[in-house]
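Dock chains B, C, D and E with the ligands against chain A, hints included.
Letter by letter, the chains look like this.
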Amino acid sequence: MDYLNALVALANFVIVPGLAYGAQLAIGALGVTMIYGVLRFSNFAHGDTMAFGTAITILFTWLFQSWGISLGPLPTALLALPFGIAGCALLVLGTDRVVYKFYRAQKAKPVILVIVSLGVMFVMNGIVRFVIGVRDINFADGERFIISARDFKEMTGLDEGLAIKTTQMITVVVAIIVMALLFYFLNKTRTGKSMRAFSDNEDLALLSGINPERVVLVTWLIVAALATTAGVLYGLDKSFKAFTYFQLLLPIFASAIVGGIGNPVGAIAGGFTIAFAEVTITYAWKKVLTYVMPESLEPDGLVQLLSTDYKFAVSFAILIIVLLFKPTGLFKGQSI
Amino acid sequence: EDVKIGVILGFTGPLESITPAMAAGAELAMAEVSESGALLDGSTVTAVRADSTCIDAGAATTAAERLITSEGVSAIMGADCSGVTGAILSNVALPNGTVMISPSATSPGLSEVEDNGLFFRTSPSDARQGEIMTAILNDRGITDVAVTYTNNDYGKGLADAFAGSFEAAGGTVTISAAHEDGKADYSAEVGALASGGGDVLVVAGYVDQGGSGIVRSAIDAGAFDTFYFPDGMVGTKLNENFGSELNGSIGSYPGTDSEGASMFFGLATAAGFDGTGSYSAESYDAAALLMLAMQAAGSSASADLKDHVMDVANAPGTEIFPGELAKGLELLAAGEEINYVGATAIELIGAGESAGNFQEIEFADGVYSTVNFR
Amino acid sequence: MSFSLRNTFLVLFVAGLYVLEGTTDFWIFSGSPDSALKMLNFALISAIMALGVNLQWGFAGLFNVGIMGFVALGGLAAVLISMPPTEGAMAAGGWRVLLGLVMGAATIVLTVLVRAKMPAGTARVLATIILLVGGFFLFRWVFDGGVEGIEAINPALFGNIGGLNFGGENYKDYGWMAIVAWPVGGLFAAAAAWVIGKTALGLRSDYLAIATLGIAEIILAVIKNEDWLSRGVKNVTGLPRPVPYEIDLQNDPGFTEKAASWGLDPMTASTLYVKIGYSLLFTVFLIALLWLAQRALSSPWGRMMRAIRDNETAAEAMGKDVTARHLQIFILGSAICGIAGAMMVTIDGQLTPTTYQPLRFTFLIWVMVIVGGSGNNFGAVLGGFLVWWLWVMVEPLGLWIADVTTAGLDPTNWFAIRMSEFGAHMRLLTMGIVMLLVLRFSPRGLMPEK
Amino acid sequence: MSEPFLIGDTMTGGYGKGPDILHGCTIAVEKGEIAVIVGPNGAGKSTAMKAVFGMLNVHSGSVRLDGEDITALSPQDRVIKGMGFVPQVRNIFGSMTVEENLEMGAFIRNDDIKQTMEQVYELFPILRDKRNQAAGELSGGQRQQVAVGRALMTQPKVLMLDEPTAGVSPIVMDELFDRIIEVARTGIPILMVEQNARQALEIADKAYVLVQGTNAHTGTGKELLANPEVRASFLGG
Amino acid sequence: MIVVENLVKTFGGFRAVDGASLEIGAGTITGLIGPNGAGKTTLFNVIAGVHQPTAGRVTMGGEDITGLPPHQLFHKGLLRTFQIAHEFSSMTVRENLMMVPGAQSGETLWNAWFGRKGIAEEERALGAKADEVLAFLTIDHLTYEKAGNLSGGQKKLLELGRTMMVDAKIVFLDEVGAGVNRTLLNTIGDAIIRLNKERGYTFVVIEHDMDFIERLCDPVICMAEGKVLAEGTLAEIKANEQVIEAYLGTGLKNKDKLAKT
Ligand SMILES: Nc1ncnc2c1ncn2[C@@H]1O[C@H](COP(=O)(O)OP(=O)(O)OP(=O)(O)O)[C@@H](O)[C@H]1O
Ligand SMILES: Nc1ncnc2c1ncn2[C@@H]1O[C@H](COP(=O)(O)OP(=O)(O)OP(=O)(O)O)[C@@H](O)[C@H]1O
Ligand SMILES: CC(C)C[C@H](N)C(=O)O
Ligand SMILES: [Mg+2]
Ligand SMILES: [Mg+2]
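Chains as they are written, first to last, in the working numbering: chain A, 33 to 368; chain B, 592 to 965; chain C, 290 to 739; chain D, 350 to 586; chain E, 88 to 348.
Please keep in mind that the hints were generated in silico from the structure rather than gathered at the bench.
Please read all numbers here as calculations on a predicted model, not as lab measurements.
For each residue, glycine too, the CB sits at the ideal point set by N, CA and C.
Watch out, some of these pointers could steer you wrong.
Unchecked claim - Not close to chain E: a few residues of chain D, all C-beta gaps over 10 angstroms, as computed:
hint : residue
1    : Gly410
2    : Gln437
3    : Gly490
4    : Arg547
Said to hold, decoys possible - Calculated lysine-lysine pairs in the BS3-like style (CA-CA distance at most 27 angstroms, straight line):
hint : chain 1 : residue 1 : chain 2 : residue 2
5    : C       : Lys739    : A       : Lys133
6    : E       : Lys314    : A       : Lys139
7    : E       : Lys340    : D       : Lys571
8    : E       : Lys342    : D       : Lys380
9    : D       : Lys463    : A       : Lys225
10   : E       : Lys233    : A       : Lys141
11   : D       : Lys506    : E       : Lys163
12   : A       : Lys225    : D       : Lys380
13   : C       : Lys487    : E       : Lys342
14   : A       : Lys139    : D       : Lys366
15   : D       : Lys571    : E       : Lys342
16   : A       : Lys364    : A       : Lys139
17   : A       : Lys220    : D       : Lys463
18   : A       : Lys141    : C       : Lys739
19   : E       : Lys340    : D       : Lys380
20   : D       : Lys366    : C       : Lys739
21   : D       : Lys506    : E       : Lys344
22   : A       : Lys133    : D       : Lys366
23   : E       : Lys344    : D       : Lys571
24   : D       : Lys366    : E       : Lys256
Unchecked claim - Per the computed footprint, the stretches of chain C lying under chain E, defined by three or more beta-carbons under 8 angstroms from a beta-carbon of chain E, are:
hint : segment
25   : 583 to 594
26   : 599 to 611
Just chain A, with the same shape it has in the complex (with noise of 0.2 angstroms):
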């Protein structure tokens, strides 16, 4: 029996994967959800904007690259992610003068906003691999681990390694801090206040003198910057292209409704939720089992709960248990 072994080794299979795993997608989730509790539509172009973001992210790194600029251990692409949010925000802004705009005058309903925000998907999926291609691109520098499986064994002498990437350890990070400056900023700010008067009542809004053009500038912005960490985080960690981004969207939705759709806190939840129920429910635990039972009854099956062919249909049965049970999501979310 060695319980030593058998935590390492979840830890390492289960636990880090899902924080960081959570933590890429409650950012996505969070620029969904500001989008939906404010101009009131699921964004379907949510992943392409994150595409978008990163890829000029991408530009920028590796312009600094060429001039020899660098974090040391932390990635470049940390340095270029300012100009990363700034292209996105000019696109996102673009787009909502172009398109979104004269639906909000028509007063639209949202079902309407969604299938033009699939229209937008589809041009910024254009404009994305006009812009930097379709292949996988790999973009991380820097320092990959903070500790390595291999060195956490030897430092240890444990069997069982336990690898932490810089990466995973930045997304934790920045999930966190973002989570609690949008947290302040909806209900503690004037302009975040007003941001929820204006989805909640968009003409009593108007009749208490909140300028709506500018409450949906500042939701532009704040979703650029959102979607182009998210994005910049997912691909330094794993790697970036243009056909995975889009297909980002549909955990990144599930964990937004999961978590209550409009609601910040519940974006958070809901990532972690998602990505725990992906990476626990169909591990074999085979592995850790093996180390906590005696010899004698050591497992010779896998013990799978699932095979992970049926990963995402779990994740997805226990979202909607999850939804039965709470029928607005974790955290208390809107519906229309």
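Below, chains B, C, D and E with the ligands alone, put in the same frame as chain A:
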């Protein structure tokens, strides 16, 4: 005459990143032939591209329909993914009597499909690759492996074929877990695979899809140190992405030590694309075979050329390599026999699929290189 | 019903797009009747799907984003009905699998019964757990054994139980069974919709959306991974079809003679014949469904549904059983999608689970409904035709745009180089732009609800 | 006669592309006065209020505030000019707490709002108890109090109320009217639509009866109360 | 007719209805008054099945109806209007009324598809009935207007109109008067009295307009803080100290500041 050949590949969709090199390979052959002016008394060849999307049978068959009925293509080089290839074959090619040569559809199921002698492929069926993989692993004394495969007919078919032959040879597959391509995170799969354990992780996926994601995740978590890469995974992308992290890993992919392969890489580089990309060489060969068969038939019509594909591809006859298409055409025009070897040492067997020459690769110093041929 | 001038124009316009595709090779059109008919057939299927979604959304405000799942279930039905049974599969494990499924269902029923009988408390919780866990293992034991047996039968070709076609070897002669499979596809989808509706319909808008999305993924996971059912991702090919095979027609002297008398070569004649056959079949279904939908909408039933959509609380207070009605229309709409799904598999001649992507089978259908005009059956159908046309034609359209924008440019110009690599991707870009333009100029859809 | 502080002068207009609802209707209020609009349902009272606030197409006539023509200004700009408005429906932020509703009322103010909030709580004590509850969860009458409280938070130069007492209990209505009188006497003109017409006319300095978008009767509150025709047709006898 | 026993409804700890017990006699027009937030609407909602009670029991004619869903209660003859109008906004005013009657044969799909004849008859009758109600409420000029475009008061009238489309046993009116012109309200009052006398409807009326209560209601129940505070004739209630303090008040204090003209 201007002969048109359809190039149906997944220009958009999950394989969009390997497609350009495949199309470029096929078009390279066509350009070569057009320039030579040797085809059917000076005919030129034009490629007409269409998007197979790789996954949407409806869109793919519609696109193919347009190619045949509107563009009037004589034959089709494609499609890429086994699923849409089957759909186009039975719904479009068969009714219209159009010849299709796929460079990359490797599903074993396609060997049995009803094709009226219209369908060929320049890649081997995965059933064959399973055996090759077993042989390579056995030779290295590896008996316990974990397998992960991309969840489509290719991945599943290959994983099944491999597991069948590996276990028959006395090996153990500790776990065989599917992964979906293009997903956000593969920690769950890697967790399960690590739990299953094994000396080597066999990754039957795509190099610029989930396959690389799995490898990344497995290395980062320290779950596996050595990997086995079948055809879909072998590409320079591996060197770029992982470099020395893969030292000691092995793999196999269609190919020979024929001069053909290196000649093709040279041509590709000159033409400005990466010839080592997956199925780029096979695409070149597919297109070349179509044109050589036309010459042999003395007609660009599918109905005529379908009977000559096997002839030009196989012995006897003068061996023809990439860049030598003009020579092949001339020989054929002179009534002589040829044996097209091409970029992949192609040999068509059975119902018209590549016999499958494989090369065994090994990683050292951050790059892979061929160490053996089978 | 009276059609406004605008609507007549729209219908003519869309019809014109298909006619042009079939008759002229001007601009991006192919001038091939074959291609036009092919597009028409898929458009008909799309229109049926759009009709189903419109029923749910336009009539009842149910936000179903799981269309893909129902379409896939319909496809599964096509395999299970129109393919022949795999020889020996029932003996090798088919019965055992069935038994397992029955036991699984029995476990759930039993648990529900026991829970109803026993008083709340620790004892009940315990009993529930024991029943469920015990039942699960028993189920797995019986079921897995059966699955193993079935999947062992020549896995490269079969490994599944097959279907109900009693033609055996000659199953392709029983093509009419494919038509039987269509309504069965509807039934499959309806059954799934019933289960989903019972559990999830209480959720509101976006939450229902994500639940249906999730369920679609679950359905697909089952179809992809339960190889014994329909070979999973290994695909089932060579499905029989209700129309003759082109090859057979080409080899039929009677037919070739007839073709010649129309001045057509046998090849062209056979492909046209088959496609027109499909078109007629699909059109019959579409018109029947459209008639039913239209009649329902304009009846007191339709009025009740619209009332429920407008304000559930008030409708409930006015004596309308909102839950039951939602369930009814959810089942109906899903069944229609199932029918369309079965048709699609029949015309494709194969079931390829990897084909089912939300973008193509859920969101594109939504685009059809919204662009056409939600709440209006004719709008949904029109949207189906228009958007399908676009989905196919944006490819040549995109290439054309790429050509035009780079015309006259030196091929070494960076834009020209970028564009040549990017050409194929103009497809999605063009789709997006056209969609945005349509919605910009008629934000409530082309044929809005009155 | 000098120009009233706020006047919607011979306004004609309607919603969107629909038919005109207002036909040359005029409503005005002087500094320190209470003006009340009464009339049958659907007469256009709310429409007239919205027109004065610039939420409608007014294609002839004008709106003037303190002598300045504001016909072309957006509603927001009118808020900044010091106009406050409580609409008849959808007049609270349902998902925000009572306190946040009040804060939003004071959105354009940059000074300390504590004191005003205190005043609102004194006027409507129940709101103090419910300050942290979402306004959407309040009872009908409580919501109405939030709505009026929100407008008061603006410290407007002119206050427009569309049926502020609909659904509030008699005691709160009296308090509300008391407060309205007080506010008016500090010099802030109040323009108000009321269906509790008799009580409203009692405190009105000036009153309008609107019928089908036009002024049917105008006079002081007392005059209209005394007019038997008005009583019979609009005040319920 | 309706007996409410110890009804409790809490919203996350807050007791909106706090052990209210009351009886509504068949054939009466019972007034329900009380300060804002007293729990009147919540009480209605619990009886009408919108909310599940936290505790307590409701019976109707001896039958336990606690927690039945609204649509079932409707078919038992229990109707209600909403304090905040719940019109079907994208339907015409006439359709709003025509959809009300239950058990319309055209409301089953089968009949909708294949039973045109009978439905047409039924529809004509319904339409005529709706027109009658609209004329009565003086909004017949809006018959084909979308309900969403009505003025605040008109929506209230429509709410009331719906209860007139069917033969109800008991009707709960939640502030039908708020926002309705007083002259019209008198007409509505007359109609309520007539329905009560001629057709034997029982009414429960929430209203803050004492004149209206006075004209119609006997008895009157006053609620406060979720409990029944007083019960009796209006005169008795008006004299009740507690009611005056909590609800009625003593009139304007600022009378002196009014214009003297
Ligand atoms: N959904 C809810 N969540 C929380 N509290 C609620 C909810 N609904 C009502 N309340 C509270 O319950 C109390 C009673 O509300 P109710 O609507 O029954 O009052 P009422 O007597 O009808 O008042 P009014 O005369 O103003 O309409 C109020 O204090 C209200 O804030
Ligand atoms: N948004 C709208 N769009 C179109 N017509 C409207 C709209 N709102 C109101 N109307 C119409 O305008 C007319 C006047 O409505 P308004 O709301 O001004 O009446 P009101 O006098 O305030 O009545 P009430 O006392 O019932 O509130 C009504 O006939 C109504 O149907
Ligand atoms: C392009 C290839 C990687 C396709 C794969 N061999 C298949 O059959 O699907
Ligand atoms: Mg009004
Ligand atoms: Mg109330």
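Results of checking the hints against the structure:
| no. | hint | verdict |
| --- | --- | --- |
| 1 | Gly410 | holds, 21 angstroms |
| 2 | Gln437 | violated, 5 angstroms |
| 3 | Gly490 | violated, 3 angstroms |
| 4 | Arg547 | violated, 7 angstroms |
| 5 | Lys739(C) - Lys133(A) | holds, 25 angstroms |
| 6 | Lys314(E) - Lys139(A) | violated, 43 angstroms |
| 7 | Lys340(E) - Lys571(D) | holds, 18 angstroms |
| 8 | Lys342(E) - Lys380(D) | holds, 19 angstroms |
| 9 | Lys463(D) - Lys225(A) | holds, 17 angstroms |
| 10 | Lys233(E) - Lys141(A) | holds, 17 angstroms |
| 11 | Lys506(D) - Lys163(E) | violated, 54 angstroms |
| 12 | Lys225(A) - Lys380(D) | violated, 33 angstroms |
| 13 | Lys487(C) - Lys342(E) | violated, 61 angstroms |
| 14 | Lys139(A) - Lys366(D) | holds, 15 angstroms |
| 15 | Lys571(D) - Lys342(E) | holds, 14 angstroms |
| 16 | Lys364(A) - Lys139(A) | holds, 25 angstroms |
| 17 | Lys220(A) - Lys463(D) | holds, 16 angstroms |
| 18 | Lys141(A) - Lys739(C) | holds, 16 angstroms |
| 19 | Lys340(E) - Lys380(D) | holds, 22 angstroms |
| 20 | Lys366(D) - Lys739(C) | holds, 16 angstroms |
| 21 | Lys506(D) - Lys344(E) | holds, 20 angstroms |
| 22 | Lys133(A) - Lys366(D) | holds, 20 angstroms |
| 23 | Lys344(E) - Lys571(D) | holds, 15 angstroms |
| 24 | Lys366(D) - Lys256(E) | violated, 44 angstroms |
| 25 | 583 to 594 | holds (count 8) |
| 26 | 599 to 611 | holds (count 12) |
Violated hints, in rising order: 2, 3, 4, 6, 11, 12, 13, 24; the structure is consistent with all others.
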